[in-house]
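Sequence lines, in order, name chains A and B.
Using my numbering, the letters of the first sequence correspond one by one to residues 1 to 267.
Using my numbering, the letters of the second sequence correspond one by one to residues 1 to 442.
The hints are simulated quantities; they were obtained by calculation from the structure and are not laboratory data.
Treat the hints loosely; a few may be bogus.
To be verified - Derived BS3-like pairs: lysine-lysine, alpha-carbon spacing no greater than 25 Å straight-line:
no., chain 1, residue 1, chain 2, residue 2
1, A, K4, B, K123
2, B, K122, A, K6
3, B, K340, A, K178
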Amino acid sequence: MSAKPKVAFFDFAGCEGDQLEIINLEDRLLDLVEVVDIVSFREAMSEHSDDYEIAFVEGSITTQHDLERLEKVRSNADILIAIGACATIAGVNAIRNDQDFEKVKERVYGEDAELFDDPDAELFEAFEKAYPAQAFVDVEYQVPGCPIDGDEFIQMITLLLEGGDPSLPNHAVCVDCKIEENTCTFERGETCLGPITRGGGCDATCVTQGARCWGCRGMVDNPDDDVYEEVLQEYDVTTEQLVNEFTLYWSWERNPEYPAEPPEVQQ
Amino acid sequence: MSQDISIEGDLVTRVEGHGEVLVNATNGELEECEWQVVESPRFFESMVVGRSWDETHHIVSRICAICSATHTMTALKAIEDGLNIDVSRQDRKLRKLVLAGETIQSHVLHLGYLALPDLAGKKSVIPMADTHEEEVKTVIRLHELGNDMLRTFEGRASHGQRTIPGGFTQIPDESELKEIETALENSWDDVEAVVDLILSLAEQLPDFTRETEFISLTHPDEYALYDGVPYSSDTGELDLDNYEDIVNEHVVEQSTAKFTKHNRKSYMVGALARVNNNYDQLSPKAKEVAESFGLEPVCHQPFMNNVAQLVETAHLIENSLDLIDELLEAGLEEQSDYHKPDVDVTAGRGIGATEAPRGILFHDYTFDEDGIAERGNCVIPTNQNHANIQHDMEKMVPTMIDQPQDQIQHTLEMLVRAYDPCISCSTHYLDIEFVENENEGE
Ligand code: SF4
Ligand code: SF4
Numbered sequence: 001m002s003a004k005p006k007v008a009f010f011d012f013a014g015c016e017g018d019q020l021e022i023i024n025l026e027d028r029l030l031d032l033v034e035v036v037d038i039v040s041f042r043e044a045m046s047e048h049s050d051d052y053e054i055a056f057v058e059g060s061i062t063t064q065h066d067l068e069r070l071e072k073v074r075s076n077a078d079i080l081i082a083i084g085a086c087a088t089i090a091g092v093n094a095i096r097n098d099q100d101f102e103k104v105k106e107r108v109y110g111e112d113a114e115l116f117d118d119p120d121a122e123l124f125e126a127f128e129k130a131y132p133a134q135a136f137v138d139v140e141y142q143v144p145g146c147p148i149d150g151d152e153f154i155q156m157i158t159l160l161l162e163g164g165d166p167s168l169p170n171h172a173v174c175v176d177c178k179i180e181e182n183t184c185t186f187e188r189g190e191t192c193l194g195p196i197t198r199g200g201g202c203d204a205t206c207v208t209q210g211a212r213c214w215g216c217r218g219m220v221d222n223p224d225d226d227v228y229e230e231v232l233q234e235y236d237v238t239t240e241q242l243v244n245e246f247t248l249y250w251s252w253e254r255n256p257e258y259p260a261e262p263p264e265v266q267q
Numbered sequence: 001m002s003q004d005i006s007i008e009g010d011l012v013t014r015v016e017g018h019g020e021v022l023v024n025a026t027n028g029e030l031e032e033c034e035w036q037v038v039e040s041p042r043f044f045e046s047m048v049v050g051r052s053w054d055e056t057h058h059i060v061s062r063i064c065a066i067c068s069a070t071h072t073m074t075a076l077k078a079i080e081d082g083l084n085i086d087v088s089r090q091d092r093k094l095r096k097l098v099l100a101g102e103t104i105q106s107h108v109l110h111l112g113y114l115a116l117p118d119l120a121g122k123k124s125v126i127p128m129a130d131t132h133e134e135e136v137k138t139v140i141r142l143h144e145l146g147n148d149m150l151r152t153f154e155g156r157a158s159h160g161q162r163t164i165p166g167g168f169t170q171i172p173d174e175s176e177l178k179e180i181e182t183a184l185e186n187s188w189d190d191v192e193a194v195v196d197l198i199l200s201l202a203e204q205l206p207d208f209t210r211e212t213e214f215i216s217l218t219h220p221d222e223y224a225l226y227d228g229v230p231y232s233s234d235t236g237e238l239d240l241d242n243y244e245d246i247v248n249e250h251v252v253e254q255s256t257a258k259f260t261k262h263n264r265k266s267y268m269v270g271a272l273a274r275v276n277n278n279y280d281q282l283s284p285k286a287k288e289v290a291e292s293f294g295l296e297p298v299c300h301q302p303f304m305n306n307v308a309q310l311v312e313t314a315h316l317i318e319n320s321l322d323l324i325d326e327l328l329e330a331g332l333e334e335q336s337d338y339h340k341p342d343v344d345v346t347a348g349r350g351i352g353a354t355e356a357p358r359g360i361l362f363h364d365y366t367f368d369e370d371g372i373a374e375r376g377n378c379v380i381p382t383n384q385n386h387a388n389i390q391h392d393m394e395k396m397v398p399t400m401i402d403q404p405q406d407q408i409q410h411t412l413e414m415l416v417r418a419y420d421p422c423i424s425c426s427t428h429y430l431d432i433e434f435v436e437n438e439n440e441g442e
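Can you build the whole structure from these sequences, using the hints too?
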């Protein structure tokens with residue numbers, strides 16, 4: 001990698017909260033531009049260049065157009081990093097993966113849903129499901145979360161620039177809860193996805209803030225083995241229950257698909 | 001002088017989401033002028049269906065990160081309306097502080113990171129860190145102030161986790177309130193610096209006027225952001241229960257997004273609409289800022305939306321100080337760290353409206369007796385402004401048709417950015433007709 005690598009940000013279907021978290025680094029964003037050369041960042045810049053080494057990709061892939069753009073980014077970049085739940089595991093976008101797509105369109109567009117069948121209505125195309133980047137292209141690294149955590153993002157870039165390996169930790173959010181000295185959500189009589197959600201970057205913030213873990217960082221590598229068993233035993237829950245219930249973020253991950261051919265487009 | 005112009009398919013950068021401007025003129029005659037919106041549909045109104053009432057706000061906050069707290073709050077108001085859930089006075093004040101924090105961070109982001117480079121003739125804020133170091137640091141400090149408020153009241157700068165139906169899981173303690181109070185008090189120098197900076201560049205704001213209708217919330221006792229009823233500058237107070245008759249979402253042949261209209265062919269929402277409709281309730285310092293720019297109601301210059309955001313930033317700082325004073329004076333009612341209000345789930349339909357940084361936002365949900373959502377509808381401010389942007393362009397382009405193409409493009413992009421559109425918000429998209437470029441006279 002060059003001394004001051006060129007980096008670019010790209011967004012697909014998402015809320016752009018991960019780019020916002022990067023802007024929210026405030027002063028530290030100025031430090032960041034000392035060590036990397038940002039050549040494309042649509043949320044904050046007019047300039048754009050296709051010459052970059054590291055590409056950050058935010059948001060899910062939901063249309064043929066998205067897919068073509070993603071493939072182009074992949075071929076331009078040496079290193080592709082997915083940021084945020086939408087890009088790493090399809091995030092909330094994948095909630096509709098478990099719904100009947102005809103109903104999905106109808107609920108949002110009413111009678112106009114038929115535009116998806118109209119070949120002249122070019123923008124009205126969508127895959128039946130939402131996908132993360134890894135469903136279609138190789139992804140070197142991931143920064144999980146909805147949104148990502150600014151500190152974790154900085155740590156990952158620093159490690160990358162120093163030639164280290166910014167792979168993700170693989171312990172459950174429960175470990176972070178212990179460090180934060182939170183009262184366990186199960187002890188409060190609720191269900192929490194912490195025992196099989198990948199921790200190590202969010203400080204269990206949702207539990208710390210009084211809510212429960214919703215699973216936004218995705219599952220640990222192997223939910224059957226890497227589970228935080230203490231909690232499951234104490235409160236008599238199974239991994240299967242956790243995988244199948246209360247899943248706002250796991251619709252794709254529960255049943256990951258890696259289409260060899262582009263999915264059929266509804267247009 | 002006449003020329004052929006064709007600007008097509010240029011992504012307007014520095015706005016949230018994806019917008020395109022299309023202008024097509026032959027021999028100085030305008031043939032096409034379109035404000036297009038291009039983004040993959042995300043189907044939020046379907047995502048909430050079949051899921052529980054206590055997840056709705058969590059899902060829809062992901063419509064947009066910059067206004068995630070307002071989406072959360074509007075969803076909560078709708079859920080609370082539908083399920084008859086009460087919210088305490090204290091919690092309402094704390095929610096107003098959440099909205100103030102979000103609006104400050106959003107306005108400063110727009111003014112400092114997105115609009116200022118236009119005025120200063122720069123491509124982005126990043127090179128400005130060298131040429132305008134002090135100014136950029138000031139903008140960053142103010143932006144951080146908004147985010148610190150969000151962290152204090154909502155737990156996180158975006159997609160906060162503390163606001164839930166019926167109140168908060170957790171609230172700040174008095175010492176945290178006092179910290180924010182001090183930060184707000186210390187921010188006046190920064191606000192004044194930004195006011196001076198924008199004043200010095202204000203002549204760069206294109207001088208353009210087009211009469212339109214302004215829709216926002218209004219409230220008898222306060223500058224309305226959280227509480228209030230819808231209000232039109234043309235027709236007065238409006239009925240929230242019939243919000244569908246306020247927005248009249250409709251299909252326009254040459255556009256991708258559903259447009260809205262009320263009393264005229266288009267209306268405007270956002271900071272300028274609020275300042276126009278509720279000017280008298282602005283705080284003293286906010287009025288001073290407005291006066292220094294000559295902004296007085298009713299102002300029909302869309303570019304003044306930037307100034308209105310600055311006026312509101314001053315107002316929100318003063319208003320937040322008042323709210324914190326009131327909370328401290330009354331003494332904070334304690335609540336446990338994992339608080340969860342008792343809610344009796346019933347079937348019902350609820351509608352909520354809140355002022356997002358970009359304008360009035362409507363959410364509408366219907367729940368069955370188990371609290372499972374059967375239907376959802378969100379009408380987002382950016383969509384309500386699309387028609388107004390389109391009509392502004394139609395009036396503006398003929399007046400600049402002799403200017404160089406890149407100048408026209410730049411001015412139109414500035415116009416779009418003045419509305420601060422958050423296009424990732426726009427949940428409804430409709431047909432688009434791609435117009436062939438005709439450039440025959442070349
Ligand atoms: S992962 Fe979350 S924060 Fe990031 S784009 Fe998706 S919804 Fe937004
Ligand atoms: S606690 Fe769970 S839902 Fe919250 S940020 Fe961490 S992983 Fe995501």
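Hints and how they fare:
1. The hinted pair formed by A/K4 and B/K123 meets the criterion: a straight-line CA distance of about 21 Å does not exceed 25 Å.
2. Proximity of B/K122 to A/K6 is assessed by CA-CA distance (about 20 Å); at most 25 Å being required, the pair is judged to hold.
3. Between B/K340 and A/K178 the alpha-carbon distance is near 22 Å, which keeps this suggested pair within the 25 Å criterion.
When each numbered hint is compared with the structure, no violation occurs for any of them.
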